[in-house]
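Participant: Following the hints, complete the assembly by docking chain H onto the known chain F.
There are 2 protein chains.
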Amino acid sequence: MNVNNASNDKDARHAERMQRKKAVVDEKIAAAQIERGVLLVNTGNGKGKSSAAFGLVARALGHGMKVGVVQFIKGRSDTGEEAFFRRQPDVAWHVMGDGFTWDTQDRSRDVATAEAAWAQARALLQDPAIGLVVLDELNIALKYRYLEVTQVVADLLARPSHQHVVVTGRAAAPELIEAADTVTEMALVKHAFANGVKAMPGVEF
Amino acid sequence: MNVNNASNDKDARHAERMQRKKAVVDEKIAAAQIERGVLLVNTGNGKGKSSAAFGLVARALGHGMKVGVVQFIKGRSDTGEEAFFRRQPDVAWHVMGDGFTWDTQDRSRDVATAEAAWAQARALLQDPAIGLVVLDELNIALKYRYLEVTQVVADLLARPSHQHVVVTGRAAAPELIEAADTVTEMALVKHAFANGVKAMPGVEF
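Going down the list, the protein sequences come from chains F and H.
The opening residue of the first sequence carries number 1 in the UniProt record's numbering; numbering runs sequentially from there.
The opening residue of the second sequence carries number 1 in the UniProt record's numbering; numbering runs sequentially from there.
In isolation and in its complexed conformation, chain F is listed as follows (with noise of 0.2 Å):
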């Protein structure tokens, strides 16, 4: 066999396996027929749970939709994203948390603060007009029992359909997750920090 023989077989065999991956993802397509709004929940120790959130912000604004943020946990005020959709007429963002747990040592004022951050993700999970709800670090409230997981889930699954929802954070509710469409586990294989890396703009915050 000649090079180009082997050559032409390998574009052969290539052009075999990439045809049954095309028959096997047609048949989920085809059967993947319900349209609805999904609520998503990132989850787990590594980087990107805040961020698909973020970068579900831009898809969803690239559709036209309206969308609402409420951040949980406010861990500093000069973030890239808070300053970047804050520009977009329609984007609604909504800070409600004054720093992380372990800045405020206080443990009534933190489970006020989740309350009223609840009450305003309520308000955009009742408004149809809101196409995208993000309640980023909404996890890390409830891990602390700042709020309680059966009220939460119940206020979502209580929303308009065709709503998207994402939630993120840490140590997600098994009862979240239950009630969740799509869950994804960012898991950390490594990061920059340990190897001595500062948190950098445009990619930490």
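One or more of the hints may lead you astray.
Same chains, same names: a pair is fine if it fits in one copy or spans any two.
No farther apart than 30 Å at their CA atoms in a straight line, the calculated lysine-lysine pairs in the BS3-like style are these [claimed, not checked]: (1) K10 - K22; (2) K74 - K143; (3) K190 - K74; (4) K190 - K143; (5) K190 - K28; (6) K143 - K66.
Worth flagging that the hints you see were computed from the coordinates, not collected in a lab.
Facilitator: For chain H alone, coordinates are given in the frame of chain F:
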């Protein structure tokens, strides 16, 4: 012990736990002082690899950076992210792929397309005015060996020192993971698709 005391105890324990957490986090932050561009890889079978990259685009734009995006595999022409980011003056958006590989069934054409896309990527990686480069679905082009991973890694490492890069796609090459600073495995926990929900605008594209 009455109810008020129990509540005070709970608050005190919470404050103590948070104090310890804060000390650990503060120490880590103090240790991480290197400022440079980072190479991120978003891989795995779950949702959020590309959307997390697009979230970083928003984040970088909020900090006044210029951004370049190369899409190595073009799934569809009506994505929200493309519509939205093409409206942003500081974004250069290049769609180089012409269909998922299993739609083209033609290996030689795919190789030529990937090589043209890499030439575009290299131009961004040599431009110090670009703060963030997104190489969307590059991992797929590497997986099918449309591109040589050694050359790709060499070009990535030769970029300007302050430039951030995000590479997305399933099945990232070990050589790329080794070269990267931050790697996240987006693991599939569940997906709406499995319950018959169609790919929804604002969520899947």
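Participant: Determine which of the earlier numbered hints do not hold for this structure and return their numbers in increasing order.
Facilitator: none
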